[in-house]
Each structure stands twice: as structure tokens, then as C-alpha cells.
Amino acid sequence: MPQITPIRGFTNTPVTKSICIISTVTALVILILSLKPYVVLAIDPFIVEFSQYWRVITFQLLPVNESDYMLLTILWFHFKTLERFFGSRKYLSAIALFAVYNAIITFLVLALGQLTIVALAALFRLVVLRQPFAVLYTDTIFNSIALGPLGIISLLYMCHGAYIPVSYQFKILMKKPKGEESEDGEPLNSGSTLTLTNHFQVHVLFTILMLNRGFSTLIPCLVGLFIGRLYTQDLLAGSKSWAMPLLIFRMFVSPRKVQRSAARSLERRFHEYQPVSAQIPSESTPAPGEEGNADRHDEDDTEVALDDIRSNDERQDDRSATPVRPLGRQFLDTFRA
1 MPQITPIRGF TNTPVTKSIC IISTVTALVI LILSLKPYVV LAIDPFIVEF
51 SQYWRVITFQ LLPVNESDYM LLTILWFHFK TLERFFGSRK YLSAIALFAV
101 YNAIITFLVL ALGQLTIVAL AALFRLVVLR QPFAVLYTDT IFNSIALGPL
151 GIISLLYMCH GAYIPVSYQF KILMKKPKGE ESEDGEPLNS GSTLTLTNHF
201 QVHVLFTILM LNRGFSTLIP CLVGLFIGRL YTQDLLAGSK SWAMPLLIFR
251 MFVSPRKVQR SAARSLERRF HEYQPVSAQI PSESTPAPGE EGNADRHDED
301 DTEVALDDIR SNDERQDDRS ATPVRPLGRQ FLDTFRA
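Numbering (full-length UniProt numbering), first residue to last: 1 to 337.
Errors might be hidden in some of the hints.
[To be verified] Derived lysine to any residue pairs resembling SDA-like cross-links, with alpha carbons at most 25 Å apart: (1) LYS90 / ALA103; (2) LYS240 / SER67; (3) LYS90 / ARG268.
[What the hints assert, rightly or not] Derived CB-CB ranges, DEER-like: (4) LEU33 / ALA237: 33 to 39 Å; (5) VAL204 / GLU267: 32 to 38 Å; (6) VAL135 / LYS171: 27 to 33 Å.
Hints were generated in silico from the structure; no laboratory data involved. The beta carbon of each residue, even a glycine, is placed where N, CA and C say it ideally should be.
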């Protein structure tokens, strides 16, 4: 597997930098303008009663509290190695595809889980409690989940473990070893040790994020892990063929450059524009100064022709002045030289 060298800051990782900035600005704007109720995803009442299906997409925009935001930002920063592995455009394309899959599958899991628990509760009352069969719709653990891109982070966590190689390992001694040594000089009982790799901080942060708020964070993380497993096994539809349009990618990574290039192209078009009458002069009336230019060109051509004639005459005079050597003389001069 290829080795990924350490990356300092956001060097050559524009997508990660843009995601960290946009997620921070979006969270601040939503909190300042009190728009948090518009990004909450709950089956009841927003989907069942009000049919607000646009919440299936918006719930991934904002983490619910400061701890989730901090963990998500740190994990985004750690996953910049994936951007270097995939390339910026493919990395952004994968994130967009992950967001769509995560939104759809999370909604299906919540809806089916809610209906399954309600149906099982009705059967339990009918069979065990001997009550009349009645479906009572109540809130369950599948009614709502924590906000934020938890599923996307879980997908990237699976990709990080599958594609990013381990650089080094180290052991932590959990128990003091005994003093007995073998013939090779090594201790017979080395004690209990814990072997870790350079990915241990990612595992710790993701575990804290997954268990931070119980089932509300566990459900989207498990869904993301499932989709990530499909992606790493090349079983996710569109994961290899779809790519982000180049214009959208450039606007996401460097919107200022896109604006400047658009302004320059428009300015160049306006400066280079000329009416058709100015570009094609009339055949009947020559342009001003055209007659004088034609006369100058004729005079120059005449002088060049006269110079050629004079040079030819001089060459012929030089040849006539030089005496002709006989063939024997030419051979002798050749061997003497």
C-alpha cells in the first residue's frame, strides 16, 4: 500500500479546509438566526403530520451541541489524508455521494424502525396482555436522531481504516513483568500489553462521537458504517462512475478564483468586441492611408529587385576575372594541400 506522508495544516487539502470553514460558518449562522428547529429530523410530527421531507437533507448540516461540533471538526481534520489519497475532486464527489446515501438510508431505517416497534407493541398487548388489537403510535428510539454529518464521518472512518496504511505500532505495558528470563535474555512473562497504531486517536475520537448521546448518535453512525462497508467492497452504486462537475468543484474549493476568472473573461470579451463594419472595410472605398502604403511597398520591391541584379553582376565579374585552372593543375593543388 502507498505510504501517506504527514500533512502540515491544510497543505494541498482545499476540500477539507473548505468543509471546516463552511461547517463552522453554517453552525454559527443557524444558531445566531435561531434556525435550529428547521434542521431537526423527527419522524413524528415533522414527517408524519407535516410532510417536511426536506429535513432528510438538512439534518446533516448542523451538530446538536459543542462537543459533537468539536469531535466532528477534529475528525474532518484527521481525514484530510483521504483527500490526499483520493484527490480533491474525487474526495468531494465521494462526500456528496455519501451525503445522499446516508440521508436516504437513515430516513428508511428510522421509518421502518418506528413502525416495527409500534407493531410489535400492538402484538404484545394483544397476545400477552389480552387487550384488543390497537396500534398506538408513540415515540421510540427511532423517532429522531442527533443532528450533524455523523453518517458521513462514519463512512470516512471506514474508508480511513481500509485505505490509509499503518505507519507504526507501539505497545503500552499494562502489568509489570516478572523478573524471570529465558535463554535468549527475554522475559518469560512480559505482562499484559496493549498494542496501538498511529490510528488510535481516530478510533478514540470516533468511539466517543458514536456513544456521545446514546441511541441518537449510535443509529446514524451504525448506518454510516454499513454504507462505508459497501463502499470499500465496491458494492455502492455510482461510487466509481460519478464525479462532481468541475465548475461546482472549483466554486466549492476556491470561489474567489472562479469569480475573478469570470470577470476577466467578461472584460476581455467586452474589450475585444468590435462592430462588423469596423472589422470588414468597404471594397469600394479604401481605408485612409492605404494608397500611400501601397506606393511604399512598390518602391521597396523595386529596390530589392535592383539589389539582386547588381549582386548577380558582381558575382559574374568575379568569376570572369579568375583564370581557369586546367584539370592536372587542380589535381596537383589538391594533393599538395
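Hints, verified against the model:
The hinted pair formed by LYS90 and ALA103 meets the criterion: a straight-line CA distance of about 20 Å does not exceed 25 Å. Restraint check for LYS240 and SER67: not satisfied, since their Cα atoms lie roughly 34 Å apart, outside the 25 Å limit. A C-alpha spacing of about 32 Å is found between LYS90 and ARG268, which places the hinted pair above 25 Å, so the restraint is violated. Our hint of 33 to 39 Å for LEU33 and ALA237 holds, since their Cβ atoms are close to 37 Å apart.
Separated by about 53 Å at the C-beta atoms, VAL204 and GLU267 break the suggested range of 32 to 38 Å. At about 56 Å, the beta-carbon gap between VAL135 and LYS171 misses the expected band of 27 to 33 Å.
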